[in-house]
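The residues making up each chain are set out below.
Protein chains: 2
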Amino acid sequence: MKAAIGVDIGGTDVKLGIVRHGQVLVRRSFPTASISSGPKALEEGIVAAVRSLRGSFRGKVESVGVGVPGLVRVPQGIVQTCANVKGWKNVPLQSRLRRRLGVPVRVDNDVHAMALAEWRYGAGRGVRNLVCVTLGTGVGGGFILNGKLYRSRLGPSAEIGHVAIGETGPACSCGGSACLERYVGNRDLLRILRRKLESGAKSRLPRLAGGRLDRITPEMVDRACEMGDRLAIETWEEAGCKIGLVLSKVVTLLSPDRIVIGGGLSRAGRWLFEPIRKTLRERAMHPLGKIPVVPAKLGMSAGLIGAALLGQEALNE
Amino acid sequence: MKAAIGVDIGGTDVKLGIVRHGQVLVRRSFPTASISSGPKALEEGIVAAVRSLRGSFRGKVESVGVGVPGLVRVPQGIVQTCANVKGWKNVPLQSRLRRRLGVPVRVDNDVHAMALAEWRYGAGRGVRNLVCVTLGTGVGGGFILNGKLYRSRLGPSAEIGHVAIGETGPACSCGGSACLERYVGNRDLLRILRRKLESGAKSRLPRLAGGRLDRITPEMVDRACEMGDRLAIETWEEAGCKIGLVLSKVVTLLSPDRIVIGGGLSRAGRWLFEPIRKTLRERAMHPLGKIPVVPAKLGMSAGLIGAALLGQEALNE
Numbered sequence: 020m021k022a023a024i025g026v027d028i029g030g031t032d033v034k035l036g037i038v039r040h041g042q043v044l045v046r047r048s049f050p051t052a053s054i055s056s057g058p059k060a061l062e063e064g065i066v067a068a069v070r071s072l073r074g075s076f077r078g079k080v081e082s083v084g085v086g087v088p089g090l091v092r093v094p095q096g097i098v099q100t101c102a103n104v105k106g107w108k109n110v111p112l113q114s115r116l117r118r119r120l121g122v123p124v125r126v127d128n129d130v131h132a133m134a135l136a137e138w139r140y141g142a143g144r145g146v147r148n149l150v151c152v153t154l155g156t157g158v159g160g161g162f163i164l165n166g167k168l169y170r171s172r173l174g175p176s177a178e179i180g181h182v183a184i185g186e187t188g189p190a191c192s193c194g195g196s197a198c199l200e201r202y203v204g205n206r207d208l209l210r211i212l213r214r215k216l217e218s219g220a221k222s223r224l225p226r227l228a229g230g231r232l233d234r235i236t237p238e239m240v241d242r243a244c245e246m247g248d249r250l251a252i253e254t255w256e257e258a259g260c261k262i263g264l265v266l267s268k269v270v271t272l273l274s275p276d277r278i279v280i281g282g283g284l285s286r287a288g289r290w291l292f293e294p295i296r297k298t299l300r301e302r303a304m305h306p307l308g309k310i311p312v313v314p315a316k317l318g319m320s321a322g323l324i325g326a327a328l329l330g331q332e333a334l335n336e
Numbered sequence: 020m021k022a023a024i025g026v027d028i029g030g031t032d033v034k035l036g037i038v039r040h041g042q043v044l045v046r047r048s049f050p051t052a053s054i055s056s057g058p059k060a061l062e063e064g065i066v067a068a069v070r071s072l073r074g075s076f077r078g079k080v081e082s083v084g085v086g087v088p089g090l091v092r093v094p095q096g097i098v099q100t101c102a103n104v105k106g107w108k109n110v111p112l113q114s115r116l117r118r119r120l121g122v123p124v125r126v127d128n129d130v131h132a133m134a135l136a137e138w139r140y141g142a143g144r145g146v147r148n149l150v151c152v153t154l155g156t157g158v159g160g161g162f163i164l165n166g167k168l169y170r171s172r173l174g175p176s177a178e179i180g181h182v183a184i185g186e187t188g189p190a191c192s193c194g195g196s197a198c199l200e201r202y203v204g205n206r207d208l209l210r211i212l213r214r215k216l217e218s219g220a221k222s223r224l225p226r227l228a229g230g231r232l233d234r235i236t237p238e239m240v241d242r243a244c245e246m247g248d249r250l251a252i253e254t255w256e257e258a259g260c261k262i263g264l265v266l267s268k269v270v271t272l273l274s275p276d277r278i279v280i281g282g283g284l285s286r287a288g289r290w291l292f293e294p295i296r297k298t299l300r301e302r303a304m305h306p307l308g309k310i311p312v313v314p315a316k317l318g319m320s321a322g323l324i325g326a327a328l329l330g331q332e333a334l335n336e
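Protein sequences, first through last, are from chains A and B. Numbering-wise, my numbering comes out as the position in the first sequence, counting from 1, plus 19. Numbering-wise, my numbering comes out as the position in the second sequence, counting from 1, plus 19.
What the hints contain is simulated information worked out from the structure, not anything from laboratory work. Check the hints yourself; a few may be wrong.
For chains that are exact copies, the list does not tell them apart, and a pair is met inside one copy or across any two.
Unchecked claim - In silico DSS-like cross-links for lysine-lysine, where the CA-CA straight-line distance does not exceed 30 Å:
#	residue 1	residue 2
1	Lys309	Lys167
2	Lys309	Lys215
3	Lys59	Lys105
4	Lys105	Lys79
5	Lys316	Lys79
6	Lys59	Lys316
7	Lys108	Lys221
8	Lys108	Lys309
9	Lys309	Lys105
10	Lys167	Lys79
11	Lys59	Lys79
12	Lys21	Lys221
13	Lys167	Lys108
14	Lys21	Lys79
15	Lys297	Lys108
16	Lys221	Lys167
Next comes chain A alone, as it looks inside the complex:
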């Protein structure tokens, strides 16, 4: 396997790396803010960083893969929407980068890239059917089905964050309502928690946040759990129950060999994973509730490694 460059467009940084055999050999990054003026700035930023990376590397870079936090039409690699870049609409990023970089390029959704990475080198190794979930500001998903990354002709797929919990619920920007993301996406989760505190719920969280409820972070909730804080524990229990409920639908449909959960919120560990597993056991069709739910292994590198795998995919076609 030759080296590929992975590009992971995140909320804060655009990370790049030269990847070989699942190892990141050289890294670069630049602030996402510098490209927020539009797709053209993003293209320039990526081209400059890829050239600089290649210049610093003795080996041969055979392909480039890009993971985008948004909707991507594959295999053309047309980015329909991108969470952190303004003015984005149906940008043919793949063909543009291909022309300028002179190597095969593959652009896809960032959670699809993460799923590929965890499947090949992380917590999903060795299985045929895998469901990956990321819990962060958004709730995303990626499926490996029949030993292959699953993609649809229409763009979005594996959109676990937009599966409805119930018959009614809050409207969602996706056009639906009662979507999982509206309950356990970072922002909504903390908003629900703040509302409880404002209504007088007792907790150590306000003190941990220096009295500023708007400064509470998921990491503070984790810390409060370790201190035995009831409200903090309940926050993860309620989120885990909602996530487990949606996963019970996913396993009833796809019956994967394993479920891997990553993203910032997954750092809550057992406080979150136990309620997820319990709900899955209670709600999924027998015997699918026993499917293992495990934390992702590659952490912050999953996006980079997965993007590089996307690039290699382009090479093999």
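With the hints as your guide, set chain B onto chain A.
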């Protein structure tokens, strides 16, 4: 393509047919009641009928496929449960039939077989990703993903009838609760309707059923709809809303090119399909609500043709 024998185990009859190019050339059937004494009786019944069919056919039969209304572990073809046969538990039907019939045999779930048939010869032709649903006593599903019948290592998959509608709801025999089947499966649908009539709801249905509420059938509900009966129309509207709600989850995850709906209840036509399509448009992630929802085309033959396709699959491996 050579001829294959398809075997479709239904609630009333076990149907068999010699199939070539999606056409049923010769048919046989025997009553399911005759095999209800157990797996051994089923095996004998199938072997006798297959031998009789082969005897009556001049061409060569190269394989046999069997569609079972229950949970089947593939590719071994071990039948874990079967809806119409008593005392069934982990029966290696595929290897037994193979030994006795001397040709490749493939045993799988009957709705998976139906999905294969509709994809190759029916309403799902020409697409890469297809979701099939059957609405009858049970609510089943079958997926074609990446141009291949999707199967899991654990047995059940595409179990659309066991996807939960809401956070709470009636318990289901599958171990979950609030399952779609508990609302729109034939028996539960008619039970909900009877309860409304017993509570005084006005309708022509009691008269159509000769005053016997327990004799109301889905066909009578269709007829009452044509007469403009409000309760009958409402029955399909409510069922369509529930089905559409579950399909909105399915498309958010799989974003298929098309959805095909078959089975007895699907004969309700537009009375059922319009509420399904409306709910899907309202509840699915944009733009997935526009995915076409179409009726199955092969009717009662889908099971037979699909089972024969299973047999051919065994041949190609």
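Results for each hint:
1. Lys309 to Lys167: This pair counts as both: shortest intra-copy Cα distance 23 Å, inter-copy 26 Å.
2. Lys309 to Lys215: Answer is neither; intra-copy 33 Å and inter-copy 38 Å both fail.
3. Lys59 to Lys105: within (10 Å within a copy, 66 Å between copies)
4. Lys105 to Lys79: The answer is neither: 34 Å in one copy and 64 Å across copies each exceed 30 Å.
5. Lys316 to Lys79: Within one copy only: 28 Å inside, 54 Å across.
6. Lys59 to Lys316: neither (34 Å within a copy, 48 Å between copies)
7. Lys108 to Lys221: For Lys108 and Lys221, the Cα distance exceeds 30 Å both inside one copy (46 Å) and across copies (53 Å).
8. Lys108 to Lys309: between (41 Å within a copy, 20 Å between copies)
9. Lys309 to Lys105: between (43 Å within a copy, 26 Å between copies)
10. Lys167 to Lys79: Classified as within: same-chain Cα gap 26 Å, cross-chain 36 Å, threshold 30 Å.
11. Lys59 to Lys79: within (27 Å within a copy, 63 Å between copies)
12. Lys21 to Lys221: For Lys21 and Lys221, the Cα distance exceeds 30 Å both inside one copy (56 Å) and across copies (73 Å).
13. Lys167 to Lys108: within (28 Å within a copy, 32 Å between copies)
14. Lys21 to Lys79: Within one copy only: 7 Å inside a chain, 50 Å across chains, cut-off 30 Å.
15. Lys297 to Lys108: For Lys297 and Lys108, only the inter-copy Cα distance (27 Å) is at most 30 Å; the intra-copy one is 41 Å.
16. Lys221 to Lys167: neither (48 Å within a copy, 54 Å between copies)
The structure shown violates the earlier hints numbered 2, 4, 6, 7, 12 and 16.
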